[in-house]
Every structure is written in C-alpha cells, then in structure tokens.
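Peer 1: Please take these sequences and the hints and turn them into a complete structure.
According to UniProt numbering, the residues represented by the sequence shown are 1 to 371, in order.
Among these hints, one or two may not hold up.
As the list claims (entries may be wrong) - With beta-carbon atoms standing in for the labels, derived distance ranges:
(1) 224 x 56: 16 to 24 Å
(2) 55 x 247: 32 to 40 Å
(3) 222 x 124: 18 to 26 Å
(4) 194 x 92: 26 to 34 Å
(5) 233 x 259: 16 to 24 Å
(6) 72 x 243: 43 to 51 Å
(7) 55 x 239: 38 to 46 Å
Unchecked claim - Taking lysine-lysine and the DSS-like style, the derived pairs with C-alpha atoms no more than 27 Å apart in a straight line are:
(8) 155 x 80
(9) 127 x 186
(10) 186 x 230
(11) 57 x 107
(12) 155 x 53
(13) 175 x 127
(14) 175 x 228
(15) 127 x 93
(16) 186 x 57
(17) 230 x 155
(18) 175 x 186
These are computed hints drawn from the structure, not numbers from a lab. Virtual Cβ for every residue (Gly too), placed ideally from N, Cα, C.
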Amino acid sequence: ELSKMPGYYPNISPEQLAAASQVLAIIQAENLNFNSDEEETFLKILRFLRARKYSVKNALAMIREDINWRAQNNRLDLPKESAQEVLNCDIEKLYDYFPVWFQGYDKQMRPVSYRKFGKFEIWNVLKLTTMERLIRFHAWETEQALRSMYSLSRKSGYNIETFVIVIDASGWNLKLATSDAFAFIKGMAVTDSDHYPERLGTLVLINAPSMLSFAWRVIQGFLDSVTKEKIKILSSDPEEWQPVLRHYIDNDQIPRQYGGTAPDLTSEEAIGAMNPPRGEGSDTLAAQTDLNRSQSVEFSTPAKASRRESAAKRVVSFSPAGAVAGESMQVATCTGKVAVQGVDVGVQTDENLFIMEHEVHRMQRAGCALM
Numbered sequence: 001e002l003s004k005m006p007g008y009y010p011n012i013s014p015e016q017l018a019a020a021s022q023v024l025a026i027i028q029a030e031n032l033n034f035n036s037d038e039e040e041t042f043l044k045i046l047r048f049l050r051a052r053k054y055s056v057k058n059a060l061a062m063i064r065e066d067i068n069w070r071a072q073n074n075r076l077d078l079p080k081e082s083a084q085e086v087l088n089c090d091i092e093k094l095y096d097y098f099p100v101w102f103q104g105y106d107k108q109m110r111p112v113s114y115r116k117f118g119k120f121e122i123w124n125v126l127k128l129t130t131m132e133r134l135i136r137f138h139a140w141e142t143e144q145a146l147r148s149m150y151s152l153s154r155k156s157g158y159n160i161e162t163f164v165i166v167i168d169a170s171g172w173n174l175k176l177a178t179s180d181a182f183a184f185i186k187g188m189a190v191t192d193s194d195h196y197p198e199r200l201g202t203l204v205l206i207n208a209p210s211m212l213s214f215a216w217r218v219i220q221g222f223l224d225s226v227t228k229e230k231i232k233i234l235s236s237d238p239e240e241w242q243p244v245l246r247h248y249i250d251n252d253q254i255p256r257q258y259g260g261t262a263p264d265l266t267s268e269e270a271i272g273a274m275n276p277p278r279g280e281g282s283d284t285l286a287a288q289t290d291l292n293r294s295q296s297v298e299f300s301t302p303a304k305a306s307r308r309e310s311a312a313k314r315v316v317s318f319s320p321a322g323a324v325a326g327e328s329m330q331v332a333t334c335t336g337k338v339a340v341q342g343v344d345v346g347v348q349t350d351e352n353l354f355i356m357e358h359e360v361h362r363m364q365r366a367g368c369a370l371m
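Peer 2: Next up, the structure:
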C-alpha cells in the first residue's frame, strides 16, 4: 500500500515534510489557485513533489504550468462534462473502435480501468472526432477515475491516490501502429506526466502479441522510468495473465470475459458508468459495485477488513496550536465508531501543524468529529 512507501503520507521524512510546507507557503503567498474540491492540498503537494524528486523549485514550476493548463479551454469544467460533450460524436459508434470503461476496484480499493486497444482503429475514430478531443477525453477519463477514488477514500477511511489500468491487446497488429496512434499515445503520456503525476498505480497489458514488442520500444520513449516500472506486459496465454489479474484484483471484481465473476458490461452500461452524476446522489462510477451486482462497498473480505482496521488506528500525532506540551488530542476515526488518542510531540512547528491540519480536515470530510 502507498502509505507504507517512502515519500507517501504518512511515511514521509522531516525533509520531505519541510519541502511540502515550503511549497504550501509559496502557493499561499502567490495566491495560486491550486486547491481542489476533493483532494487534500497536502496530498496534492506531495504528488507534485514526488514527481520532481522533492525539488521545491521544480515542483513549483510544474504546479504553475498545471494551473495555467487547467485555466485554458474550459478544462476546469472538464470533470462535469459528459463523454458526449467531450468527444462531440456518437459515443456508441466510437465505442466499437475504442472500448474503454471503469469497473470495480482492486485489492487496495483502487478503481480499475479496462481498455481494448486491440480494436483501436484510430483512422475510424478520427472520422468521428478529432485528435484534440481524444486527448481531452483521456484527461476526462482520469478526472472520472479521481471522482471514484475520492468516494472510495471516504468509504474506506484511508487515502486512495492511484488507479489500475488493464489493457487488452487481443487482435492488435502492426496495421494499428500508425503515426496518428503514436501521436495519441504520446499525447496521453504527456498529459499524465505533466498534469496527473503519480496517479498510475499499476498497468497490466494482457493478450500481447509478439509483434507488440516493436511498438513497445517506441512507446517506452514517451514514458518516464517510474511509469515504466509500473507496467507489466503479458502474453495471450490466460494461464499467464489471469493469475496476475487475481494478484491485484479480487475475482468478484474481474469481468467474466477476463476470468472473473463480475458481469460483462454492455456499451451503454460502460459509457453511463463513466459519466459524471447529473443529479444529487447519482454518482454512477463511484457506485460501480451496483453494476457488478454481487459486491458491496462494505469491506467484507479479511484483507479489506484489515485495511479498514489499519485506517481506524491512524492517529493525529501533533497537538493543536497553543496546546501544552504533553497534552494529546483525541479524534474519532473514519469508521465513526472508535476513538484513538494521539501523542503530542511537545514541539510546535509549521510542519507539525501542517500535518495536524491535514488529519483533522481529512477526518472531518469523512464524517468524523473531533472529540
């Protein structure tokens, strides 16, 4: 899990915490529009710092570029648009050549995106929409995945920052490796690295024909070293790739066509599940388990229960401003049932208060109350 990896909250060093505090101070001093409706600013700063190896200067440059990018072409409204509005074409027809959908979550509660790129005839896709809209659609897909991640974070009680991609390359051939196809892949890679850093958790490519190795050598040039390490390319033998899928994803979350027990979605269900909610309480992607028809977001398996228990034991380690050294702060955990007591470090610093503020905010947004 990310929380156990260096550089991810709460496993961050004093130097990394100081860097995050410095970035926040500059963002506030310059009045940069870096806040988001869902993601905690603290976690967002850490993502950009990780992407730039905790260089404050480089992370700030990246943040400024991202703010400018989002201010252009109505990208701030992108999460609220439908697939139809983004692509401006008949989505059902496009789906024949570009089947993509979200379904279920993996063992770490990360949303899973499925993409059948073996059917991706980009020359037919570009008869329906434009390259610019396709790349915008990729950003839109990511925004919808983030919406699901935030919802699952609230339900699970711990931070979910990444998602999983399963690419089905069945049917792929060199005819599909056109200059337009590579331009689209490069556009997606640049969008992800510059504006959605540290979002890819794992990418599993299944049913890869041997000739895909040529295309992969080209594609690797668009990816940074960290991203390349997250990618697994597997052959067309189900005995090779099905165990890998089950390593990451519970069987009841894997579609039947890939050896699981979750239903195969129709194109209408797949497209509808990705679209943002149009009415209060109608978040279809976050409620993906309803489409699986056999799941519940309750954490019923031992592994999921253990993760929830782990989240319940997370404590606030720093006392509020003005507290007396030795005093502690008591908070309700995100299960809403158990109270735990934090230990005061006895030192009031900006970095400590930064952490404390983040924890209090996180718990309040998850429906918890200070005790």
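Peer 1: Which of the numbered hints are not met once you compare them with the structure shown?
Peer 2: As far as the earlier hints go, 11, 12 are violated by this structure, in ascending order.
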